[in-house]
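Residue numbers (our numbering), protein chains in the order written: chain A, 1 to 271; chain B, 1001 to 1271; chain C, 2001 to 2271; chain D, 3001 to 3271; chain E, 4001 to 4271.
Calculated directly from the structure, the hints in this document are not laboratory data.
For each residue, glycine too, the CB sits at the ideal point set by N, CA and C.
You may find that some hints are simply not true.
One-sided excerpt, in silico: chain A residues whose CB lies under 7 Å from chain B [stated by the list, open to error]:
1. Thr58
2. Met184
3. Ile188
Mimicking DMTMM-like on lysine to aspartate or glutamate, the simulated pairs with C-alpha atoms at most 25 Å apart in a straight line are [claimed, not checked]:
4. B:Lys1214 / A:Glu82
5. C:Lys2107 / E:Asp4079
6. E:Lys4104 / E:Asp4079
Here are the simulated distance ranges between beta carbons [unchecked claim]:
7. B:Glu1135 / C:Thr2146: 44 to 54 Å
8. B:Ala1014 / D:Ala3034: 30 to 40 Å
9. D:Lys3142 / B:Lys1107: 37 to 47 Å
10. E:Ile4109 / A:Glu135: 42 to 52 Å
11. C:Leu2140 / B:Arg1241: 42 to 52 Å
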Amino acid sequence: MDLITIAGLVLAWAALVGSVVIEAIEGGGSVNAAMFMKLGPLVLVFGGTFGAAMVGLTKEELIALPKVIMKAFFNKKPDYPETIRTLVNYSRQVRRDGLLVLEKQTKNITNDFMKKGVQLLVDGVDMNHIRLIMETDIALLKQRHTEAGEFFMKLGGFAPTLGIIGTVIGLVNMLSNLSDPSTMGPAIASAFIATLYGISSANLLYMPIGNKLKKINTMEINERKIMLEGLLSIQAGDNPRIIEERLLSFISPKEREEGRSKKGASGKETK
Amino acid sequence: MDLITIAGLVLAWAALVGSVVIEAIEGGGSVNAAMFMKLGPLVLVFGGTFGAAMVGLTKEELIALPKVIMKAFFNKKPDYPETIRTLVNYSRQVRRDGLLVLEKQTKNITNDFMKKGVQLLVDGVDMNHIRLIMETDIALLKQRHTEAGEFFMKLGGFAPTLGIIGTVIGLVNMLSNLSDPSTMGPAIASAFIATLYGISSANLLYMPIGNKLKKINTMEINERKIMLEGLLSIQAGDNPRIIEERLLSFISPKEREEGRSKKGASGKETK
Amino acid sequence: MDLITIAGLVLAWAALVGSVVIEAIEGGGSVNAAMFMKLGPLVLVFGGTFGAAMVGLTKEELIALPKVIMKAFFNKKPDYPETIRTLVNYSRQVRRDGLLVLEKQTKNITNDFMKKGVQLLVDGVDMNHIRLIMETDIALLKQRHTEAGEFFMKLGGFAPTLGIIGTVIGLVNMLSNLSDPSTMGPAIASAFIATLYGISSANLLYMPIGNKLKKINTMEINERKIMLEGLLSIQAGDNPRIIEERLLSFISPKEREEGRSKKGASGKETK
Amino acid sequence: MDLITIAGLVLAWAALVGSVVIEAIEGGGSVNAAMFMKLGPLVLVFGGTFGAAMVGLTKEELIALPKVIMKAFFNKKPDYPETIRTLVNYSRQVRRDGLLVLEKQTKNITNDFMKKGVQLLVDGVDMNHIRLIMETDIALLKQRHTEAGEFFMKLGGFAPTLGIIGTVIGLVNMLSNLSDPSTMGPAIASAFIATLYGISSANLLYMPIGNKLKKINTMEINERKIMLEGLLSIQAGDNPRIIEERLLSFISPKEREEGRSKKGASGKETK
Amino acid sequence: MDLITIAGLVLAWAALVGSVVIEAIEGGGSVNAAMFMKLGPLVLVFGGTFGAAMVGLTKEELIALPKVIMKAFFNKKPDYPETIRTLVNYSRQVRRDGLLVLEKQTKNITNDFMKKGVQLLVDGVDMNHIRLIMETDIALLKQRHTEAGEFFMKLGGFAPTLGIIGTVIGLVNMLSNLSDPSTMGPAIASAFIATLYGISSANLLYMPIGNKLKKINTMEINERKIMLEGLLSIQAGDNPRIIEERLLSFISPKEREEGRSKKGASGKETK
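Use the sequences and the hints to build the structure in full.
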């Protein structure tokens, strides 16, 4: 559960609703909620925005969309320190007992990328091929995930213009039959609802989620880079302490303390 | 047939028309379709936008335009897994019978890029030259296709400003003869039609198609990269299993299952 | 003569004028051309835009400007296939008779870049130096030409804001003496003329020309890259057929047929 | 204390308040401060902006935010010349007494990055590993800090649109009950307050701070690059004079005078 | 004296003033200059813009600002041909008499970068170190100068929004006391003055100067690249004719004629 995503969206929408309520109270009246609920603009802004943005997708991406959205809400930050401790641990085992010692580890590994890497190591594939295979994998993951974030950015780009389309249609409607001037005010108000939907959905929904997806992407890529560097260093037979230092440089100084293997405390490593 | 392209555009335009109908019904009146059909803004927005954007093309690109547009609607997603299976299959054959075994395959290959690559392999051209020739081909394809996507992005950029030009002209016309105030409303409404055309065509037509063309481009480039890497690995005499692993890293985890050669199931490979 | 540039601009401006005429006819009146011709906005938008953009130029670039503009209208697309045929032809001659055979060709070469390259080859300058010299030349050409395209993009950026400045000035003028309300309409109309000039010149003149200049630049760079690769391959003594294949990968599949040397048809090559 | 940050913000807000006061005096009236203080827009613009932008953060980044803001106000410019003098000094000591002479320095070094680098040197880690470790560290620092600057840029991007949302809501409210035309003016005025809050906070608070954070980032990265290059040159046993020349090329000509080691004046170096 | 900078700014502002005068004459009235001079907007737009932009500077950059502005007006274009002739001349002398012959030249060199380079050559520093030192110097110069140009671009970005802030404040003031409708016109006019100041200063002052500073930067970087390549070629003992050809490829074909050393005409070279 990504509490930040939920807290941010709740705060943003609460601020929107709150400001409407405050102004209604200050104006001495009550909130006219019906005024802000219009079916026409709703259909135009949400239908039009989604239709325009989905053209750029493939069928597979469209099907994967609900899963992507879930990710923004239920993603778990990768545990970098744990990943590093695991890799340093592997390096110690390999130094002592050779690469094949990792074979029995493969079934315990839950991360697909790590599993594939360890498997390649155990199979004795040479360094250049492992780097090529795993870097291509990272590059393609980056491309796929960037597109997920970009899709929400596109929603955020189309929504305000769809809102303006709705407002222009509303104004055209209103202006072309001005028989009763007293309806003019409410008609303009109604026309602006589309703009309101467009800007609000873009700024308080699509773009924040797009930003979160990009951040998640960055973190996953970073985790895989740590895995790749760690595995290649293990294969090269580097000193575990150097490997640890190298991998710790991938994470923030704050997390480093946690990632540093506590000798003596961790039974697997010492002995 | 690219159903996503068609579904997206249909959804977007249906949302636009639907919202107009809904508002007309809510307003208790009927839809005044004539009001939204104006010849002047039509000529200005579509003619002006196309004229402004076509200046940046060469004659060849202009002629190729209808074909490019068709591509956004009738493109077939490259079958990555099939391509990979074919390449792994080639690699097995070459390992057993040498490079010349590919010669008889060339007439069955429908993809021009693959055909050219296999031909170069059979001709015994050295690795560096093959890489140079095929990478230049990919780079130029990318450039040509990017320009096709960019052309639609330019249409999407010019259209709203052409719409504003139309609206300003309409307002100037209206304001300079205010003899009859009762015509003012419809005149402003009429002026806004140009803006409506401009924003709608940009957001519900040009930009979605531009996005799709870019996506198609990315997929084609990716397919060619797989072919290039595969052919070079075959030439280098790499192990078919490593080649498979390397090529599978170019595609999404979902497609990998499908791309993995099923030994025993495929008669060509086993035996 | 670049017919596309001219056709595009004519189409765009015809659409603009056409829409004004259509609306006048529909409105039952005649076109009031004088209304769209104002000296003040003309001076402001065109003078101000050019002044603001020219600050970023050097004296040399300012003097070269008319020539650059001509280029957008009178540029001839490079004949890639012809260039490739010539280079492949050279490679055959050199293979047979040595590098010095090119010496007598130099006086027939009209393209400066090709001439310089052949001269360096004949002089026996080594490969690395030729590459350095010719790549620097290409890089600097790219920079110089990009700046020409950028200048028009800057004109296209300044023009709309200058138009807004004119409109704001007009509105300020109008609002500060509202003695006679009947003049208000025409005064606002007049103020909007500046905006009209600004957006129109940007979108129907400056930016299309800027786009064309960038396209021309891309094509010239591409031609020079073909020449550079061809000459270096000739120097390296590569097989003419490989050189041909390599150079053909720089051009579109459509042009390749034309660029492929027709043995037997071309007297120079066979014999 | 970063006086420039404070002076800039004070100047900007003083200009804002000053202009309001000047206009009130010129208008012969008094400043109606209450008019510019509205709770509704305040809640919407600041709450909504922060909520929308925070979605893109991780929990760790959110917690670190106050510290980041402090940085914009209390950051001290790195003392490049001092850093260079220290490194040149180290290089002289190492030339004379070997790498281990640095061991006793490590406890005096306050900068974590420098400390880590010297430690790696003393430990005899080889050049490539040191470069990898320290360059990864720099790259990640850059990424983390860029995100801090980007967060403020996002605040600066969301704030004006939140302001527009507030204004549209205000206008819709006003237009839908036009019973008393005399309240229309103040109601529109009130609606514009949200826009005012949005643009002002973006331009006079968020974006300036974002710019400052980016500048601080650039300076810290530059300092670390100097340290990295210096330490690697020391390890390579380069001539101290060359090291000095190399490191001085990282700083502005003005600072170079100061950074150049004054032989004779500095007791540590001579002798 | 950079006449282009001055001519461009004079032309732009003359167009602005000219259009106001033309419209006043056409309107049969006189120019009401006082209407365009308002202290409030002046303080807000110029004070606020400068305050917001200066936050991103360091103290050193703020102090250097007047010198940077002077540069846009008094900069002299680098004399590329002269630089090339000098370098080719050096290369001839070095070929004849060895590197030390340059020692006596160092005191005559006015350009700091050239002087430093020649000094490094004379000192016998090896090629890689010279390249590193001088390329870092170029990179840092680029960064420092880009920031100067960027500062003016930031001024150009803040100014229009500050103008809008001023206009919104003016409108809020006006709308909240509509007691006397007759003052409404002038009050709106007055509010728009801030927008006018903001857009005009951005487009006719800040951005043109920013563009010029970027152009100057590009030219200085290019000059230093010529010097670096020339000096390294001299050290490598390359043939003076090749050096000349290589350096000439850095400049435009027009300047090349001038840069080519005229043998016989130049006493230093022949003999």
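Hint check:
{"no.": "1", "hint": "Thr58", "in the structure": "holds, 6 Å"}
{"no.": "2", "hint": "Met184", "in the structure": "violated, 9 Å"}
{"no.": "3", "hint": "Ile188", "in the structure": "violated, 12 Å"}
{"no.": "4", "hint": "B:Lys1214 / A:Glu82", "in the structure": "violated, 39 Å"}
{"no.": "5", "hint": "C:Lys2107 / E:Asp4079", "in the structure": "violated, 31 Å"}
{"no.": "6", "hint": "E:Lys4104 / E:Asp4079", "in the structure": "holds, 23 Å"}
{"no.": "7", "hint": "B:Glu1135 / C:Thr2146: 44 to 54 Å", "in the structure": "violated, 24 Å"}
{"no.": "8", "hint": "B:Ala1014 / D:Ala3034: 30 to 40 Å", "in the structure": "violated, 49 Å"}
{"no.": "9", "hint": "D:Lys3142 / B:Lys1107: 37 to 47 Å", "in the structure": "violated, 53 Å"}
{"no.": "10", "hint": "E:Ile4109 / A:Glu135: 42 to 52 Å", "in the structure": "holds, 47 Å"}
{"no.": "11", "hint": "C:Leu2140 / B:Arg1241: 42 to 52 Å", "in the structure": "holds, 49 Å"}
This entry does not satisfy hints 2, 3, 4, 5, 7, 8 and 9, going by the numbered hints stated previously.
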